[in-house]
Amino acid sequence: MNQSTWARLHLELRVTGIAAPVTALAAPLAGAVLVAALYATGASPHNQDKAAGVVLAGFAPLAAATAASSVVGRDPGAELVMTTTVYRRVLFLRAGLVVAGAALLTLLDAVAFHAMGAWPAGQGTGGYVLVWAPPMIWLVALAVLIAVALRSSAAASGLVGGVWLAQILMAHDILTNTVLRAQFMFMGVVDRVPAHEWNVNRIALPAVGVAAVVVAGVLLGRPERFLGRDAA
Amino acid sequence: MTAVLERTAPPPSAQTDQGWWAKTRAAARYEYLMQVCRPAVWVVVIGLIALRCSSPWPVNLGSITDHATLVGDWTYDFTMLGPIGVGAVLADRIQRESRLELTDLLTSTPTGIGPRLWGKAIGAAAATITPFALSWAALLSYLAAKHGAGVIPVGIAAFVAIILPGLIFISAFSLTVPLLIGAPLYRLGLVGYWFWGNMVGPDYGIPTPAGTPFEAIGEYPAGAWFHGAMFDATERGVTASTANAVISIAFLLLAALAALATTHYVLNQRSPS
Numbered sequence: 001m002n003q004s005t006w007a008r009l010h011l012e013l014r015v016t017g018i019a020a021p022v023t024a025l026a027a028p029l030a031g032a033v034l035v036a037a038l039y040a041t042g043a044s045p046h047n048q049d050k051a052a053g054v055v056l057a058g059f060a061p062l063a064a065a066t067a068a069s070s071v072v073g074r075d076p077g078a079e080l081v082m083t084t085t086v087y088r089r090v091l092f093l094r095a096g097l098v099v100a101g102a103a104l105l106t107l108l109d110a111v112a113f114h115a116m117g118a119w120p121a122g123q124g125t126g127g128y129v130l131v132w133a134p135p136m137i138w139l140v141a142l143a144v145l146i147a148v149a150l151r152s153s154a155a156a157s158g159l160v161g162g163v164w165l166a167q168i169l170m171a172h173d174i175l176t177n178t179v180l181r182a183q184f185m186f187m188g189v190v191d192r193v194p195a196h197e198w199n200v201n202r203i204a205l206p207a208v209g210v211a212a213v214v215v216a217g218v219l220l221g222r223p224e225r226f227l228g229r230d231a232a
Numbered sequence: 001m002t003a004v005l006e007r008t009a010p011p012p013s014a015q016t017d018q019g020w021w022a023k024t025r026a027a028a029r030y031e032y033l034m035q036v037c038r039p040a041v042w043v044v045v046i047g048l049i050a051l052r053c054s055s056p057w058p059v060n061l062g063s064i065t066d067h068a069t070l071v072g073d074w075t076y077d078f079t080m081l082g083p084i085g086v087g088a089v090l091a092d093r094i095q096r097e098s099r100l101e102l103t104d105l106l107t108s109t110p111t112g113i114g115p116r117l118w119g120k121a122i123g124a125a126a127a128t129i130t131p132f133a134l135s136w137a138a139l140l141s142y143l144a145a146k147h148g149a150g151v152i153p154v155g156i157a158a159f160v161a162i163i164l165p166g167l168i169f170i171s172a173f174s175l176t177v178p179l180l181i182g183a184p185l186y187r188l189g190l191v192g193y194w195f196w197g198n199m200v201g202p203d204y205g206i207p208t209p210a211g212t213p214f215e216a217i218g219e220y221p222a223g224a225w226f227h228g229a230m231f232d233a234t235e236r237g238v239t240a241s242t243a244n245a246v247i248s249i250a251f252l253l254l255a256a257l258a259a260l261a262t263t264h265y266v267l268n269q270r271s272p273s
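Protein sequences appear in the order of chains U and Z.
Letter 201 of the first sequence, counting from 1, is numbered 201 in my numbering, and no numbers are missing.
Letter 82 of the second sequence, counting from 1, is numbered 82 in my numbering, and no numbers are missing.
By construction, these hints were calculated from the structure, which means they are not laboratory data.
Treat the hints with caution; some may be incorrect.
To be verified - Across the chosen pairs, the derived CB separations fall in these ranges:
(1) Y265/Z x V33/U: 51 to 61 Å
(2) R8/U x G114/Z: 42 to 52 Å
(3) A40/U x F214/Z: 27 to 37 Å
(4) L179/Z x L104/U: 26 to 36 Å
As the list claims (entries may be wrong) - Some chain U residues near chain Z, calculated using beta-carbon distances under 8 Å:
(5) A27
(6) A171
(7) D173
Backbone N, C-alpha and C define an ideal beta-carbon position, used for all residues, glycine too.
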């Protein structure tokens, strides 16, 4: 990357502010502390494995999604940005920067957890990425789509937070439904998942995520929706 | 010019008190109208209630005929996810004026920090609870058609005793904590708190208020007064009593009051005037 690209990325990160990156990094950081504490205090291997799985498959994606949705609609100079560049590109770049940091830290968490032996049951080294990346793509994409469609990061974070918790509370109902099972983000924490169901789930989550990003991109084709209004 | 900049003499004490209430009422009214008109408030709160109610808990809910148990158990389908929505849409209210660069303008008006903060708390919280209350009313209408009109007074009592204290607690913290840590981090923490503090029972081996009178989901009032299901409290081997239920409600309301009073004090200290 040349100097102007770095300068642009640095500028966009500064415009994004401190709140979104801190939120995105909070869960993987706190999760690492939690799993390390369980390891250091000699907690049962079962509890260590569960904690590592929930941090990777649950809290890291939730933090990234909450952070990514918060970059929507907070641009005080939106009119100026829209006159000089494609707003869709700017918004996706800011969300991408926030999520990239969270993804990198979650990957480091995964490698460290595996080295400590705190690892979701039945997962190999493929889990370094497959346990957390598909749910992260899915939840981040849904959050961005809701935020763009409703012009509200509050709505996006509230709804994805609720969906996230509903996936835990209603896990039994979701896992007994063929369609919903493919959209279950905690599959990496479930014991003894048949291989074909695992494959379908890991492909379906990012596929729906990509579709959500495409729809968000289409909605951002009319960026004037974001002008001159308080948050919805 | 000098006359314009001169401060007027403070009014007598009685008039100040009267003015404080009038200003708070006025602020609450406008905050209510601003918040209740936000589509996000309705979409999020009703959406999350509908999501949980799509597969009601507990599973034997359809076979319950006792009115108190029926409404007591239905409250969980409203409080398991709904408060996350309430907190999420309230979290940006406290920073709204500074985001819109209105702080200086509002500071220059005779309305002080106190009426603006308490008016915001009362108005915005009431507006956010409105879709919650209307959803509960719709459920009571359905239950009344199925089980008789006797469900309605019991249902209203259940709303006041089980649902409302938790919502007031969440509203107060959602209007104050984001001032300290920002709205996005607060929203993440809210989901984590609601899960850990109300649904991760003591059997998981993690210290948690879940199953104690200090949880916000309303398990104690539901169990003590409405024969509702007890889950985390049962894991602790506790049977709900009137005393426990009163402690639970009092804790939630006093904690809400303390959060707002502390914020009022901090904002007063920061104020340049």
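Results for each hint:
| no. | hint | verdict |
| --- | --- | --- |
| 1 | Y265/Z x V33/U: 51 to 61 Å | violated (32 Å) |
| 2 | R8/U x G114/Z: 42 to 52 Å | holds (45 Å) |
| 3 | A40/U x F214/Z: 27 to 37 Å | holds (28 Å) |
| 4 | L179/Z x L104/U: 26 to 36 Å | holds (30 Å) |
| 5 | A27 | holds (7 Å) |
| 6 | A171 | violated (11 Å) |
| 7 | D173 | holds (5 Å) |
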